[in-house]
Amino acid sequence: MIDAIKNCLQCGTPMQAQKSTKKYCSDTCKQAAFYRRNTKPLLTLNGSETLNGNDSEDIPEEPVGKVNPDSEAVNKEQQPEKIPFDVSPDVRNYDERQQPLPFNVRKSGNQTIPGEQGNVKQKDSSPVKESRKQNKTKQADEDPYEYVQSGFLNEIAEYLEDNYKTTEMFQSPKKYWYGSDLESVKWVSVRFRCIIENLLRFDNSTVERKTLVTVNKALTDMMAASNFKYMPYNYPLTDEIKEQQQRLDKIIKAFGGTFRFGLKRNSKIKLIALRFQLADLVTKVKFHDLNFSK
Amino acid sequence: MHKITKNMQPNVVQAKSHTVPVDVLMDVLSILFNNDIPFQVEGINEDEQSLLIRTSTNAKLTRDKKALENIKTLVSDYTYYRHESETGNNKNNNTDDYENE
Chain A
1 MIDAIKNCLQ
11 CGTPMQAQKS
21 TKKYCSDTCK
31 QAAFYRRNTK
41 PLLTLNGSET
51 LNGNDSEDIP
61 EEPVGKVNPD
71 SEAVNKEQQP
81 EKIPFDVSPD
91 VRNYDERQQP
101 LPFNVRKSGN
111 QTIPGEQGNV
121 KQKDSSPVKE
131 SRKQNKTKQA
141 DEDPYEYVQS
151 GFLNEIAEYL
161 EDNYKTTEMF
171 QSPKKYWYGS
181 DLESVKWVSV
191 RFRCIIENLL
201 RFDNSTVERK
211 TLVTVNKALT
221 DMMAASNFKY
231 MPYNYPLTDE
241 IKEQQQRLDK
251 IIKAFGGTFR
261 FGLKRNSKIK
271 LIALRFQLAD
281 LVTKVKFHDL
291 NFSK
Chain B
1 MHKITKNMQP
11 NVVQAKSHTV
21 PVDVLMDVLS
31 ILFNNDIPFQ
41 VEGINEDEQS
51 LLIRTSTNAK
61 LTRDKKALEN
71 IKTLVSDYTY
81 YRHESETGNN
91 KNNNTDDYEN
101 E
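Same order as they appear, the protein sequences are chains A and B.
First residue of the first sequence: 1, per our numbering; consecutive thereafter.
First residue of the second sequence: 1, per our numbering; consecutive thereafter.
The following block holds chain A by itself, in its conformation from the complex (with noise of 0.2 Å):
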């Protein structure tokens, strides 16, 4: 330990040096003095000088370009030809490219960040914040708006997909049926999808299980007429029919006065789809417009 009395190379100053290597009296000084050796390289950046790298010890830990206030203050009063913020547009673009990125410049990571500073050099705004905003338009467009689908439409569509051919038969159906046959395809039809708009109606809503008997015992008499028992073999909504009579019957057994009327996801999407391939043949006619025995 030495303890000699020096003078601070940076104001003069004298001071007690604990360290033989110990040139300014504060750590402002330091800063003022590693200012003045670096201002010129700086400014000729683009010439043959470079950064004047001998005294390591001496660069303070802060990026070049910040500055605390009070150096600078010293520069000012010390320095006041070589300071280094008051100086061309090319320095100060040099030095905000030493300072860290905006964090969407780095998420996007295909980006050139060079290329981008050195066009926005030439502009009067701070490049930093356009480059940020170009990154930001850039990622807006990088990413494109991800549509989202329905699965319940999916499913209906599928099921509609699936069963074409029944389509195809209700809309074409003089190709599949004709004379008294396409009379009973039509007469079932038109009650078929009658049941089917009020099942739909009834779902989630507060039902009387005398409604619900109501339609159960149209879908029988229905499935008693000879319209029904004389179906050509190829009316592609036989068994569904027979399989919403069961299930409203078990319904109607299950439960009593007032209760809510709930479809399953399935059942749901099942009904929709028939309606809509009933809808090619036969039109929506009124429940109590329809003789379901005749």
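Simulated from the structure, these hints should not be mistaken for lab results.
It is possible that part of the hints are untrue.
[Said to hold, decoys possible] EDC-like, lysine to aspartate or glutamate: derived pairs with alpha carbons at most 16 Å apart:
id, chain 1, residue 1, chain 2, residue 2
1, B, Lys66, A, Glu146
2, B, Lys65, A, Asp249
3, A, Lys217, A, Asp249
With chain A's structure known, arrange chain B on it following the hints.
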């Protein structure tokens, strides 16, 4: 519920009401949440099983426009399957709603 608190310029805010069937409600909500679109439920129609949802979007944002377009597509597709398709043989033959008794 999402409140309309987004800081937007009044001249670019576009308010629209959508009748959203409950069957596609989750899909519509996911669009609204994913794109941070403020919305309010203005009403519930139990008979129709639908909600009236009011959205406030930024007319200048492509993303908001696409989100609205997405909602419209879902609703119109649903309407197509559920209520329309009176094509071919039965076009223009719609009647009123049913009474089951």
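These are the hints, each one checked on the structure:
Distance check on the hinted pair: Lys66 of chain B and Glu146 of chain A sit about 9 Å apart at the alpha-carbon level, within 16 Å; holds. This hinted pair does not check out: Lys65 of chain B and Asp249 of chain A have alpha carbons roughly 48 Å apart, beyond 16 Å. For the hint linking Lys217 of chain A to Asp249 of chain A, the alpha-carbon distance of about 9 Å falls within 16 Å, and the restraint holds.
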